[in-house]
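Sequences listed follow chains A and B, in order.
Residue numbers are given in our numbering: position 53 of the first sequence equals residue 53, and the series is strictly consecutive.
To convert, count from 1 in the second sequence and add 1000; that's our numbering.
A hint or two may mislead.
[Stated by the list, open to error] Here are the in silico distance ranges between beta carbons for each label pair:
1. B:R1322 / A:T176: 48 to 58 Å
2. A:S57 / B:P1094: 51 to 61 Å
3. B:M1239 / A:I95: 25 to 35 Å
4. B:I1308 / A:I95: 23 to 33 Å
5. B:F1017 / A:P88: 26 to 36 Å
6. A:R269 / B:P1124: 17 to 27 Å
7. B:L1120 / A:V283: 12 to 22 Å
Since the hints were made in silico from the structure, they are not lab data.
Quick reminder that beta carbons are idealized off the backbone N, C-alpha and C, glycines included.
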Amino acid sequence: MDIQEFLQHLVNGISLGSLYALLAIGYTLVYGILRLINFAHGDIFMISTYAGFYLMSSAIMPWWTAFLLAILLTCILGIVVERAAYRPLRDSPRISLLISSIGMSYLIENLSIVVFGGRPKTFPIPEMFAKSISIGGVTIPFLSFVIPVITIIILTALMHIVHNTKTGMAMRAVSTDYEASRLMAIDVNKIITITFAVGSTLAAVGGIMWGMKYPSLIPLMGVMPGIKCFIAAVVGGIGNIKGAVIGGFILGLGEIMLVASMPALSGYRDAFAFILLIFILLVKPTGLMGKNLAEKV
Amino acid sequence: MKKNKLILTIVAIILLFCLLAFLNSIFNSYQTRILKLCGIYIVLALSLNLINGFTGQFSLGTAGFMAIGAYVSAILTMSPAKKAATFYLEPIVPWLAEVEIGFLPAIIIAGLISALFGFLIGAPVLRLRDDYLAIATLGFSEIIRVVITNLQNVTNGSLGLKGLPSYTNIWWSWGVAVVFIIFMALLIKSSYGRALKAIREDEIAAEAMGINLFRNKLFAFIVSSFMAGVGGALLGHLMGTIDPLMFRFLLTYNILLIVVVGGIGSITGSVIGAIIVTVAMEALRVLDGNIDLGFIKIQGIPGMRMVIFSVLLMVVILFFRRGIMGTNEFNWDWFLNNRFFKKRKKTA
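Model the full structure from these sequences, guided by the hints.
Written out as C-alpha cells, the structure is:
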C-alpha cells in the first residue's frame, strides 16, 4: 500500500467512522438513561434515509429543505417509538424493555418492506456533493470532507447542550440516578423524550449522509450499522458520549483498514466489529472511557 | 398418585401420536408441512426458553447454533454424488466428500457439535450479564454466519446447500419435540433445574447457597445449544435447502417472540406458543393475497402478514406481558381437580 492509497483509505475510514459515531451516540444516550439497547435505533436510521429519498425525489423543494424535513420526521418517529413501545414498560423488568425494542425493530422493518418495497432504491445526491477534489494526487470525493466536518459541528453542539444547558444537566442527572433526579423535581419523562429526539436527530443526520455515501437503500439496511454502532458505543464505554465517538472512529477506521490491508479477509468485514466487541468485553467490560461500577446487590 | 400420573402421561403421548397419525393421513402436503414446523419450533422455543426463561441469561445466539446444526447434518447426510454437484464453485474438502451417514446419527452429531460450540462460546461470554450477554451472543451468532459464508470448501459459502434428503417427517419432528419436552420437564424438576431457577431469581443469593454459577450457566447454555443444533438440523431437512442468509438473527427474533407469547419460563407455554405462532404465521398468509369479500375486492399487499404479525406481537409485549402461561406449567393435578372432571368422577 503506497502513501496515496493509504491516505485515501484513511479519509474513507474517517468518514465511515463519523457516520458510526453519529449513530453510536443515540445508543449511548438511551442506554445511559434507560439501560436499554434500543434495537429500533438502526431502523430509525433507515427510515431517515428513506424519508430523505422520498422528499428529494419529489423535487418540490430545494435539497436542504428536504434534508431538514427528513431529519424532523425522523426525530418525531423516535419520539413516537419511545411513547408507544418504551413508556408503557417504564416500571417493568429491563428484559421486557429489551424484548419490546426488538419487537419495535421487527415492526418497523416489516412495515417498511411493505411501504417502501423490497427493491433497492438509489439515493439522489445533490449536485454540490457529487464532486471530487484532488489534493496532491489523492482524489477525494467532496462528501468525504463534508461528513467529518458536519459530524464535528454537530458533536460540538451536542457537547454544548449536554454540558452547558439546564436540559443537558437534567439529562446527565437522570443518567446518573433515575430515582434521585425524579425526587429533585426533574421531569424524567420529558428528559427521556428529549433524549430520544436528540438520538434520532443524530441518527437522521447520519442516515442522510450515509444515503449519499452508499446510495443503495433497502429496508433492512439499518440492521447491520445499528448493531455495529451499539458495539462502537460499548467499545467506547456505554453511557459516555466521547466514548461513543471514539468507538465509532475505531470501528470505522478498523473496518476500512482491515479490508484495505488484507483483501482476502474482506468477507469477514462484518465479523470485525463482533470480534472487537468480544475482545473489549473480556478485557475491559466497561469500555475504553467507561467508569468502573461497583456491583450492586 | 404418582403412578397414576405417569400412566396418564404415557396415555397422553400415545393419544398425541394417534392424533398426529390421523392428521397426517387427512392433511395435504402443505398442512403437514405446517405440522412439522410446529414440532421443530417447539424444540427451538424450548432451547431458547431454557437459557432465557429458566436460567435468566438473555442469550440471542439461537440462529447461530441452528446454522451449525443444519450444516453439520446436511454435510453428513448428503450423498457424495450430490455433494460433487452442489460444490461446483470449489470442491468440498476431501475428508468430507465421501461421508454419508443415517439421519439419527447425523442429528445427534449435529447437536453435539453445536453443544461443543456452545461450550467454546459460553465459557467466555457467560461472565457477562443481561444486555451485554445478549449483544455478545448475537455477535457470535453473526460471526458463525459470516464464517459459514466464507468457508467455501466446507459449506459452499453463500450459495448454500441444495437437495438435502428430506428426512424430516412428522414422526421425526414431533418425536424429537416430545423427547425434549419430557427431558425439559425432568430437568426443571431435578436439582439442576432448581439451581438454574435459583440463578434466575437472584444470582448472589444462589451463589451464597453454594450453587456454582458459572458451571450451571454453562451447563444450561450447552444443553440449549444442543437443542438448537438438533432443531436446526430438522429444519434443514424439512426445507431441503439451506443458506447462510436463512440464519440471520431475525430467526432468533422469531423464536424469542414464540417464547414471549407462550410465557418466559414455561415449558407448556413454549409448546403452545410454538403451535400458535406457527399456525398464525401461515393463517395470516391470507393477507398477502387478494381478499374477495363478494361485494368488494381488496388488493393483497405482499408482506402485510408480517406487519400484522409484528403488531400482534407488540400488543402481547405491551399488554399481556406474561404471555399465555406466565411461568405456570400444565400438570395433571390441575386437570384432575377440574370441577368438570370431578363431577364425572362422582357420577361414575
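Against the structure, the hints come out as follows:
At about 32 Å, the CB distance of R1322 of chain B to T176 of chain A disagrees with the hint of 48 to 58 Å. Range check, S57 of chain A to P1094 of chain B: about 54 Å between beta-carbon atoms, so the 51 to 61 Å window is met. In this structure the supplied range 25 to 35 Å holds for M1239 of chain B paired with I95 of chain A, their Cβ-Cβ distance being about 31 Å. Separation of I1308 of chain B from I95 of chain A is about 25 Å and conforms to the stated range, judged on CB atoms against 23 to 33 Å.
For the hinted restraint 26 to 36 Å between F1017 of chain B and P88 of chain A, the CB-CB distance of approximately 43 Å leaves it violated. Distance hint for R269 of chain A and P1124 of chain B: a CB-CB separation of about 23 Å, consistent with the stated range 17 to 27 Å. Taking the beta carbon of each, L1120 of chain B and V283 of chain A are about 18 Å apart, inside 12 to 22 Å as hinted.
Hint violations for this structure: numbers 1, 5, all remaining hints satisfied.
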